Amino acid sequence: MLKDSTGYKIVLEWLGNKDFHPFAFQQEAWQHILNQESGLVNAPTGCGKTFSVFIGAIIHFINAHPKDYQTKKKNGLQLLWITPLRALAKDIGRAMEEVLGELGMAWKVGIRNGDTSVTERTKQKSQMPEVLIITPESLHLLLAQKGYADTFRSLKMIAVDEWHELIGSKRGVQVELAVSRIVNSQWSMVNKKPSVWGISATIGNLDEAKEVLLSPLSSRRGAGGEAGVIVKANMNKRIEVASIFPDEIEKYPWAGHLGIKLAHKLIPIIEKSRTTLIFINTRGMSETWYQTLLDIQPGLAGSIALHHGSIDRELRTWVEENLHAGNLKAVVCTASLDLGVDFRPVETVVQVGSPKGVARFLQRAGRSGHSPDATSKIYFLPTHSLELAEAAALKKAIAQNIIESRPSMLLCYDVLIQYLNTLAISDGFIPEQLFKEIKNTYCYKDLLQTEWEQVLHFITEGGNALQQYDEYKKTEIEDGVYKIKSRKLAMRHRMHIGTIVSESMMKVKFISGGYIGVIEEWFISRLQPGDVFTLAGRNLEFAMIKEMTAFVRKSNKKKSIVPSWQGGRMPLSANLGKILRQTLDEAAALKSLSSPGVETATELEVLKPLFDLQQKLSHVPKANELLIEHIETKDGFHLFVYPFEGRLVHEAMAAILAYRISRITPITFSFAMNDYGFELLSDQPIPVDDSNVYELFSPDNLLTDIQRSVNATEMARRKFRDVAVVGGLIFQGMPGEKKKARHLQASASLLFNVFSEYEPGNMLLRQSYQEVMDQQMEELRLRDMLHRIQQSKIIITFPQQLTPFCFPVKVDSMREDLSSERLEDRVRKMQLQLEK
Amino acid sequence: MAAYLSHMIDQEHLVMSAERTMFWENELTLIVADVHVGKTGHFRKAGIGVPQNMYKDDLHRLLAQILFFKAERLVIVGDLTHSLVNREMDLFRKWRKDFSSLDVHLVKGNHDILDDKWYSEADIAVSKEKLLLKNFLFVHDILKKEVKADKRQYIFSGHLHPGISLRGRGRQSLRFPCFYFAKKYCVLPAFSRFTGTYKVEPQEGEKAFAVIEKDVVPLY
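Heads up: the sequence lines are chains U and S, in that order. With my numbering, the residue at position 186 of the first sequence is 175, and numbering never jumps. My numbering runs 2 ahead of the 1-based position in the second sequence.
Hints in this document: simulated from the structure, not taken from any laboratory. Some hints could be false.
To be verified - Below 35 Å or equal to it, Euclidean Cα-Cα: the simulated DSBU-like pairs (lysine-lysine) are:
| id | chain 1 | residue 1 | chain 2 | residue 2 |
| --- | --- | --- | --- | --- |
| 1 | U | Lys474 | S | Lys132 |
| 2 | U | Lys366 | U | Lys434 |
| 3 | S | Lys58 | U | Lys477 |
| 4 | U | Lys462 | S | Lys58 |
| 5 | U | Lys535 | S | Lys132 |
| 6 | S | Lys201 | U | Lys708 |
Given the structure is predicted, the values throughout are model-derived calculations rather than measurements.
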């Protein structure tokens, strides 16, 4: 038992000296670790989650070596600590070293990531530290080293930090594969296997998260239950949500604003608390907010900072360090500060605009009030009036503890291809053995033998070829072992391993020298030299692009383009959408209730005038209703539909609806959408009425209709870029290989065309389409929505003017076209509008 | 819309084809640019598995064009091959042998880095910088300084892989390869289908013909 063990006593004494006591969940985790079980610790940041696993490993070691645990050196790797962020490694390493020092142990802590120097790596190779903190990419690079299995021979435990962040991504798949390889290689060497522990914040599918992580263990039955345990911290932190209200709701913009009008209300909040984090949804808007706060309160200069993913790493580190030190009054940030260790001085958090999901809102709220029993305070600042209803919905979700799931990715062929090549570089692999191993991971559990053969064919033969005229070379087969023998190919592949995370980002530098940050390639590609844009709080004039770098000079122009980054396109989660619909129920009920004593969120009371107007002009839909508005303006005939299912589902639904209507009559539409609803606009009346509306929203033939209506090809083309990079089709060049490297460059878009035409069955191509269906269209959610609508009451109204509901849709959105006119006619029309 | 379209320059009929070739009627000469033979092979040798059928298809298309026009001469305005020698070039040489009566002229492009011996063995006449045939001049890159200075004749060139964007309402935008006719020169679309495009923007008085699937479509 834990409590009788030497290790526990020593740890307890050490904690006691510091006047600390272990939390119940930590002790629970330690006990499971001593039993050599695997599992998942569910605890929020700032509650000692690191120690719940790390100290467990220490106790285990002390128990095994009670006499000489302090002096025992060079024990080989004991604990592998996988973390999603490089920035986290240093802080965690420091905390661990502190513990080891105080316990007088000779363990070493090493860090391995893109920043680790070559000398350090060589040192690690000859003698691994006991604890290695590593990113998923670097772990795969380790697997690309000859004799990697020896490194993991002595390993006792694999810990995966922030698993909730990794699980929904391809990096999570990398973790699954690495865990599976390490577990199996150790088993085949010494008939043992390490225990595996995930650490995760609360998500809707914790059980699944555990299953995904522990799945590779099931192939090697040894001691301990493979099902694994979940240890919950159960620290229900109190969270207080306060909305910032505009003074007059009717005068507050209905749509399309950044909330800047309310910026002055943040000043007292910032001044009142020690440090405030202000979360903005997009990098572009964060730039604007930073400037605005400085304009309103110039006194903040020097004590307010900006932090987002496109800012130079050094500058970000500076901001983080000063946050720790309590030198900053406020930091305007994006999701870039969602993760990571705690900044203790942070007392208050402000969320500007919809957080799009409950989990994210909670995580951000948790950035304040760090001691486990402190209350986290978060302010919600709406960017348009209706968002206040979202605040009410968020409060409700928090009270009912309804949190989104993070489903893991399935059957990622690109990651599998990369992984096989990785193993082919180091010690090679034998397909029959590896297939069994891979089938034990959650991601590839449904991988078919034929698909596996296709992957092998692709890496050894390179797909279709002209036999005697072909010299394809990558993975070769030698006595049944698959290997990459060319050093050059191996080197190129190693350079590719880290590329899963990178979007198509471009560096931004001054012509005169000096690095500013990174920016998405597509944004830069639309700029003309001389255009001015904002990055890292500076106005920059675009000069030229050279070798994947955008060169700029300083600009004094006042007007600039604020880049919009990918992050801005995150849709409202299904959860939040559902609660929002329920919230509207209350809002609808509110109007008939003047009697006191009925509990309603204050946000809804504030919104009452708006809802009254909506009701007067049209209707406020209840949870079991779908509202459709026909409105005619000088622009034409509008059809507004409000499913509250998030931007992506609306985008797909708009296209499908347009397609279905266009089969009734030849008609051309333009679309608009936001997280609440979508709009179809046409120059002729739109034939949707009670007689056909249920049919138009039918889930029947959904797949066929999607394929015919949505420009899935264009979406897949965009997805293909990532897939092709991970799958090794895009060669990004490497230092010292200049001219001929250019002969190996082809854009993702060109490759997409080539494969579509000449090898349409290619698995990477198929994967791109699948990713579009799953992520871009959220097909499952779309289908659920249609089923829900079939059960709902559809209410069609004919307002005489634009309504409060339709306004944000109209203003916020981008437009897409769908037309039932023939292609030739369209090309002819397009000719008339030739791009200048 | 049609698969072939004729355009007149200096009293000479030039027929553009949707297969990205141009036929000079009076001289029975087929003109192509940027064939990039061996490109798929070059990628494949480096472990990037692009489908090789595309290359075979390119050769078939070129064959079909020569037969269709009954061309007696083929002029390649640069980038016949893509990089170093690889096995795909054997197929090209075999292809070339089947057409031994065809005159083949290459104006060297930046990608044409093979030894002289290779060209002579393949029976290809090579011009290093330019080729003058009657009143027309053939070069690879129109933007090269030496070429810019020399504008007495109308010039045909390649290198650019010109493409033209058509933009519809909303955010629709499609890019197609094109024949680009400036006042003093023409840039041909890249013949190989394993090529991207570079956006050109015709000015007043210039012409462009887009290749839209199986058709050549005049713009401007």
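Okay, the hints, checked on the actual structure:
no.: 1; hint: Lys474(U) - Lys132(S); in the structure: violated (44 Å)
no.: 2; hint: Lys366(U) - Lys434(U); in the structure: violated (43 Å)
no.: 3; hint: Lys58(S) - Lys477(U); in the structure: holds (28 Å)
no.: 4; hint: Lys462(U) - Lys58(S); in the structure: holds (19 Å)
no.: 5; hint: Lys535(U) - Lys132(S); in the structure: holds (30 Å)
no.: 6; hint: Lys201(S) - Lys708(U); in the structure: holds (23 Å)
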